[in-house]
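Protein chains in written order, with my numbering: chain A, 2 to 343; chain B, -14 to 288.
Hint data in this document are derived by calculation from the structure and do not stem from the laboratory.
Coverage of chain B stretches by chain A, computed from C-beta distances (three or more under 8 Å per stretch; other residues unrestricted):
| id | stretch |
| --- | --- |
| 1 | 149 to 162 |
| 2 | 235 to 241 |
These stretches of chain B come out as covered by chain A in the derived footprint (C-beta under 8 Å, 3 or more residues):
| id | stretch |
| --- | --- |
| 3 | 135 to 141 |
| 4 | 168 to 181 |
| 5 | 189 to 197 |
| 6 | 222 to 232 |
Computed from a predicted structure; not experimentally measured.
Glycine residues also receive a C-beta, built at the ideal position from the N, C-alpha and C atoms.
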Amino acid sequence: MNLSGKEIIIHDMSLRDGMHAKRHQITLDQMVAVASALDEAGVPMIEVTHGDGLAGASVNYGFPAHTDEEYLRAVRPHVKNAKISALLLPGIGTVPELEMAADCGVDTIRVATHCTEADVSEQHITKSRELGLDTVGFLMMSHMVGPEKLIEQAKLMEGYGANCIYVTDSAGYMLPEDVTVRLGAVRDALQPETELGFHGHHNLSLGVINSLAAVEAGANRIDGSAAGMGAGAGNTPLEVFVAVAERMGVETGVDLFKLMDVAEDLIVPMLDQPIRVDRDALTLGYAGVYSSFLLFAKRAQQRYGVSSRDVLVELGKRGMVGGQEDMIEDVAMEMAKAQGAN
Amino acid sequence: MNKINAALIGSGNIGTDLLYKALRSDWINPVWMVGIDEASEGLARARDLGLKTTHEGVDGLVPHMREDNIQICFDATSAYVHGENNRKVQAQGSIMIDLTPAAIGPFCVPPVNLKDHVGKRELNVNMVTCGGQATIPMVAAVSRVQLVAYGEIVATVSSRSAGPGTRKNIDEFTQTTSGAVEKVGGARKGKAIIILNPAEPPLMMRDTVHCITEGEPDQAAITESIEAMIKEVQKYVPGYRLKNGPVFDGNRVSVFMEVEGLGDYLPKYAGNLDIMTAAGLRTAEMFAEEIINGTLTLEAASA
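If we strip away everything but chain B, and leave its shape as in the complex, we get (with noise of 0.2 Å):
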């Protein structure tokens, strides 16, 4: 079957985790990946497994884009670069799939709105946060029942899962989070919440979601569409699970989730990096799926 070139762009602990996944893919096919540090252990990994590499930035790349059809990259940078990125890239006629928190184009969590995109000729989606990939489905789950009149995460990664990107701007989590909470969740308002915990072993990723329901919680309801909704998440991260509740405490509902990862690049523990690049690869092959049937074509925009 024809593919989808690819590049990758940041070789860091996302980076490094999406390049797994898309070695596996049916759609996408990764040719590049980026850093900017010759001795990184993302891009030695790279090279073994036979993709070309730079570690002049997107600049380094750049030159190689038309050669070698790259229709889509992934940035796994930071939200500070991700602007300047997106616009290289595009100018080389190229898709951008956003796994900062930069959120330059709309959010996107698929199992709540990846169909939304679909036919928009959208050329950069964000993928929010792991922690909004983990949770946003469950706020989402709650508010096609019932109005969630706040919608609180606490998304809770081991200290050896975040990078440093991810700690210099910490904010950025918070607030991309809070915003997609809103926007794709349906809360009428957000919060979000990260704690890092250094314990060791470490510990899986957990997610909480708190949302508070307008008027009483229709708890049967709710319960089956959260049900379904882990479904959804599992045929792209399989462990995805309910932990405890839902708890229906007055117009309270709240879930706890645990987030196991598949041990790509960094163990079991680190669901948030698979949630997150299993996220932004199966957008990435949505859009694949439609370049190669001819529902999207792609040109260069102006720079």
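Just chain A, same shape as in the assembly (with noise of 0.2 Å):
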């Protein structure tokens, strides 16, 4: 794989995918240092968002430690030189959450769906286009549909207006040649100018290879987390993706050593428990289920006593896409049932 001379731009996850495996209990003093200490870093851009985006605070997903408002207006003072990005999933946040968070000082927004449900984006696409604002279209579970399915949802996004499109791997299942087929796909057939970007999950350890792959087809936005703290086994970790990059000759402007103690000196120590490929965070790459649903399904298996590798293959198997957090309980009640009836 040849990526030499190749420029991209490096997109810190920690402070929003991260929040799933915080709980979404990170204070603003944690997020303040590690905004500050990224962008200290030379991370072009830094994502801060409940972990399932503006207005995700609820029984669903979990109530935040602090608003969104909260977060992005402690933080934003503290960033010189990156973006700051924040989340926004239409279902879940509305165009009032995403004109605070342009109050705040984002620069960019990411409107993330379902990669088969691009249209329901267009308000919050336009809105943030007329707010002048760096959009983004991203679309979720990408390993479910192929090529051609990805590329009129796209397209859909392009024509609302985002100028960088994602292809993204929530349940940390593809393959690195999932990523070639989809990424180029996607790439030859979006204006030249609009951006392509790349999210991967660590679920099968390939957030690396993977996110290389997607550079190799084209892409110039790469998603990452210090020390990899996000949903699942994580996100690609970023300063290993960084060290990997520049071995390759690709440019990211990060400097490796100051990423990596953001990584060890202030993400580990956060940390409640290890980003690691357990029993749980395998099952999820392995049957593509959405990263975010390891706590909830370790949470009811210790409340109904059913065994949460087999919940999440569950929830696979009935085909439940991200935000489908309450059919976790919901599966863990019906297979309690299936058991005590035996």
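Starting from the two chains in their separate frames, assemble the complex, guided by the hints.
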């Protein structure tokens, strides 16, 4: 693989996807410390939102320690060079929350839909462009459809005004060739000036190699998290990816040693549990299940005495998509009833 | 028996499903179906079933409303055009049942507050959203027992049953539903989430309701209230079922509902259509009954 001379934009997820791993309990001080240190390390983009995006605060996904607005207003003045992004999932967040984020000084809005439902993003993409923000269309669970469908959905988002499209491996299920085929096809179909990004999860330990495959296929934005802090087995571990990119001659503009220090000195001490490919996280990647289901399935196991792995496999069989956390408890109750009946 | 003549505005999923139900009504006689696309499947079906149709929108209907004595209109278009549609049909002396999330008029969730609308001479009532119709009865079932500090609903519908209007204006769904969780459901603060799931074969509509009660929930009274409310909804949507719960976890009360439709237009998985159209029709029938027994007389609203 020859990627020498390619320039890419790194986007850190530890303060958004990492919120899943922290049950949305990151403190304002931690947010500010991590964001400032990432900025200092030259990471050009940092996402700050509830794990499920703006207005994700809920029984269904978890109530955060602070509101999106409190996090964004706390972090913004401490980040000098990096762009700050906020995530929004239509059906959860709405235009007023997007306007609030813009008022807090975010540079980028990423509008995320399931990979077949891009047409729910029109209101939010249109508004984000109207506000003059860098606007990303983010197609989640992209392993569930082939390249033709992804092209159709990516072009819808591009048509609404997104200047960048992400192909997102929310389940950490894709193999490198899945990435190559999907990103290559979408790259060819989009306008040349539209950017392309990839967001991976490390459930099969393929976050780094999949991100490289994405760069080879034409992606110029790559998501990852310092120390991998994210849902499931985490996101692509950013410091590892940057080290590999540097050895391959890919320009990221990130200071590798400073990034390593953020991961080791700030993120790791924050973790409630190690970010690793445990049995359940591996099941997510193996069965193609949304990564943020992980901790909910573990809680369902505790409450209902069913196997979290069995719950996750069943959710995969039923074709559950991102945001259906309510069905974890539902499936666990059904399995518990069935066990009781035996 | 006398029936009240009605027009269905909007020939998409909701309008077409409503058509089949209205044809079975003892109180409502559907006369017109209004669309904006000549090739729409809904209009073709309406023509086959003997209705008059126009593809010129409400403007194609208005000139005929007096001669056809249209006294009730259903709007199943979108929140953005509802205001204009409402003004035009009210000028012709018709009541408007709003099945868009526009919510100009008061919310109506039949088992909770239909009776409150009797005798009020309201000319426009809003049916909230499909997710609202499926969940607000459960919020109300809890809040009539005990104060609900926070009510949250998660409505999951199959992608196939969510039409272009819903998709283009998805914010109106969450905003209108969360407003009605408060105003009709009785929660002090409401929140609504909608999920579209593209699985094949399509999944049945699922609705999860989480309430946070003030103080520890009275489990026996809440369970009894929920069971009674489910029976009320089943009177017009027989496939409305408790799948799991109620779960009591600290002050959290959660119920997991499933809504199976009658399969009038889309197949049975699309319970979201049924719960909306059946609620709209039930509301219209109450007004029709008032008109027929003379307690409600209509006159043209000043435009």
